[in-house]
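Listed in order, the protein sequences are those of chains G and H.
Each residue of the first sequence is one higher than the one before, starting from 1 at the first, in the numbering used here.
Each residue of the second sequence is one higher than the one before, starting from 1 at the first, in the numbering used here.
No false leads were mixed into what you were given.
Label-pair ranges, simulated between beta-carbon atoms:
#1 L17(H) to L14(G): 54 to 60 angstroms
#2 T174(G) to H53(H): 41 to 47 angstroms
#3 D60(G) to D108(H): 30 to 36 angstroms
#4 L14(H) to E25(G): 45 to 51 angstroms
#5 F8(H) to D60(G): 40 to 46 angstroms
#6 F8(H) to Q127(G): 24 to 30 angstroms
#7 A290(G) to V18(H): 50 to 56 angstroms
#8 F169(G) to H53(H): 30 to 36 angstroms
Example chain G residues on the side facing chain H (calculated, C-beta under 7 angstroms, incomplete):
#9 L115
#10 L135
#11 F136
#12 L139
Source of the hints: derived by calculation from the structure; they are not laboratory data.
As the structure is a computational prediction, the values presented were derived from the model and not from experiment.
Heads up, the beta-carbon is just placed ideally off N, CA and C, and yes, glycines get one too.
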Amino acid sequence: MSDRKINIWLDAGLIDADTALRIREYEADRSRPLGLWSLIGLGTLAIGLGIISLVAANWDDIPGMVRLSVHLLLIVGICGSIYLFQPRKGFLGLYLKDVLLFILAVLGLTFFGHLGQVYQTSSPLWQPLATWLILFSPLLLLTGRGWLISLIWVVGLLGTTIAHLGWYFEQTDTPQSFYMAMITSMPVFALVFALFMRKISTRQAFWKQIEQFALAAFVAAVTLKLIADSATAGGFLGSEGYVSDIGAIQLGLWSGAALLIYGFNRIATGASIGGILIAAAIISFVSSVAQSSEPLGNAILFMAFWAAVGWSAIYSGWRNVFQTVVAIIALRLIILSFQLAYDLFSSGLGLIIAGVITIAIAVIAYRVSRVLAPGKSSAGKQDDEGNDQ
Amino acid sequence: MSRYRRFFLPLALLLPLVGLGLIWLATEQESREGTEWDVPIAGYDPRDLLRGHYVQFRYDWPAVGQEDIPIWSATRKSLCIRGTAPDIDSVEVQDVSGYSEQMETGCDATVKANPWSEEGNDGLIRDRIYVPQEEGRDFDRKLTNPKLRGIVRIRINNSGFITPLSLSFQPRLDDNSEQENVQ
Chain G
1 MSDRKINIWL
11 DAGLIDADTA
21 LRIREYEADR
31 SRPLGLWSLI
41 GLGTLAIGLG
51 IISLVAANWD
61 DIPGMVRLSV
71 HLLLIVGICG
81 SIYLFQPRKG
91 FLGLYLKDVL
101 LFILAVLGLT
111 FFGHLGQVYQ
121 TSSPLWQPLA
131 TWLILFSPLL
141 LLTGRGWLIS
151 LIWVVGLLGT
161 TIAHLGWYFE
171 QTDTPQSFYM
181 AMITSMPVFA
191 LVFALFMRKI
201 STRQAFWKQI
211 EQFALAAFVA
221 AVTLKLIADS
231 ATAGGFLGSE
241 GYVSDIGAIQ
251 LGLWSGAALL
261 IYGFNRIATG
271 ASIGGILIAA
281 AIISFVSSVA
291 QSSEPLGNAI
301 LFMAFWAAVG
311 WSAIYSGWRN
321 VFQTVVAIIA
331 LRLIILSFQL
341 AYDLFSSGLG
351 LIIAGVITIA
361 IAVIAYRVSR
371 VLAPGKSSAG
381 KQDDEGNDQ
Chain H
1 MSRYRRFFLP
11 LALLLPLVGL
21 GLIWLATEQE
31 SREGTEWDVP
41 IAGYDPRDLL
51 RGHYVQFRYD
61 WPAVGQEDIP
71 IWSATRKSLC
81 IRGTAPDIDS
91 VEVQDVSGYS
101 EQMETGCDAT
111 VKANPWSEEG
121 NDGLIRDRIY
131 VPQEEGRDFD
141 RKLTNPKLRG
151 IVRIRINNSG
161 FITPLSLSFQ
171 PRLDDNSEQE
181 NVQ
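Working from the sequences, and respecting the hints, build out all of it.
Structure representation (structure tokens):
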């Protein structure tokens, strides 16, 4: 905080002299020797980089057993520090411990690769990822506090899922519908799990982050699926009956999850998340069954899903989410107008129409995102009985 | 909090340590299992013998033509090796689907391509072996010497995957003249 700003505010009559004095005292108390810290940081960084280059340059000359032992000892040391920092509050207990947890998780993951390098073994990617997930999840989920840990866990879970899906496709020519429905529902399971844990944990912020990451991944995956459905006429995965089987199982799973979530959380958020899940299940199912290459139908399905997300955002007062939704729907409308005007492009009239529509949509979307968006801080519960369909 | 600290946290911290340790042990154990065989190598590209710290080579399986091992469907094929380790008497190309039957038909070792390795589906045909930097020049000279034949010692583990262990050289018998004499 610079004195200049305080002086400007003082001159403008925004704050009085007392307040200015108190702000200055407060900031003086909080000030840290930034220059010193940055030099220490720079020195530490240089030492770290030096060690890394020394090890890297002589990597093949260091016997594998020695390297693996050092790797495991590092992991042991970090585990010990986490144990010592756990009871502390403040900087050490909260931030440093999270950073250590993150480094531990990364070191743990690289240990598998290191073993493979030393022993010349290789295995499908999902196996080390799944093992990592089993070994590190309890620790990460029991002690994590910040977004670094919630993010690495959700990324680890989804990475394992995607790697396993890829491996499964290599193994079989006739994928099982039940497996496909279960594996694609992973974000939903993570979401339900995090909502349940938030009820019984003292670290609500952490579990909320996991919910948010899982929900974001789910919405992104459904969106990609809808885009893929429209891009490849005849469906995303081929044979028709099989795809609608998956859709039907997902419909059951996701609706069940939605009910469960609403059961846990009889508040706006619970209803919103449940609404998104049910809308996703129904729309994805319809898209799978329809397998249409009609631009209008696909655009309607896409926008219906995002409208459901937008409704949930209004209902729960997620301002930023709502504005994102408006932007995405507007973009989809613009793409649709170009798709429909495609035949007219040769006449030039189509271009004009598409351009006019684009400008109109942009203006309307801007208005909607300002006027209809939930207030900045209020969790205003607008009763919008319009169903999520 | 105290119960959590006393009971759950140490367990959660011990789980990755014990788990990683056990996986290390299991990998170590596995690396000692299986049988070792000597396979002649051939057909290496003389322009590109050493790539980084690795020698790239092709397996010259005895009594198998190069074209008998399909490149594209290598994951569905296996090699049935007969002989007394480390000497290979004969090699036969078989389908992976009949794997269990092969065990009864008396293969001394069965080799499959490891699709997750560096070589991918080509694992039955080509491979690479690490060479320390200071020995690189020596290997380079021996590999290009037409009078020497490279022999790679491989380990075939219980899953049928190959790990090249070491590279040695033998004076090459003049195969062509021998064959001409027979004909």
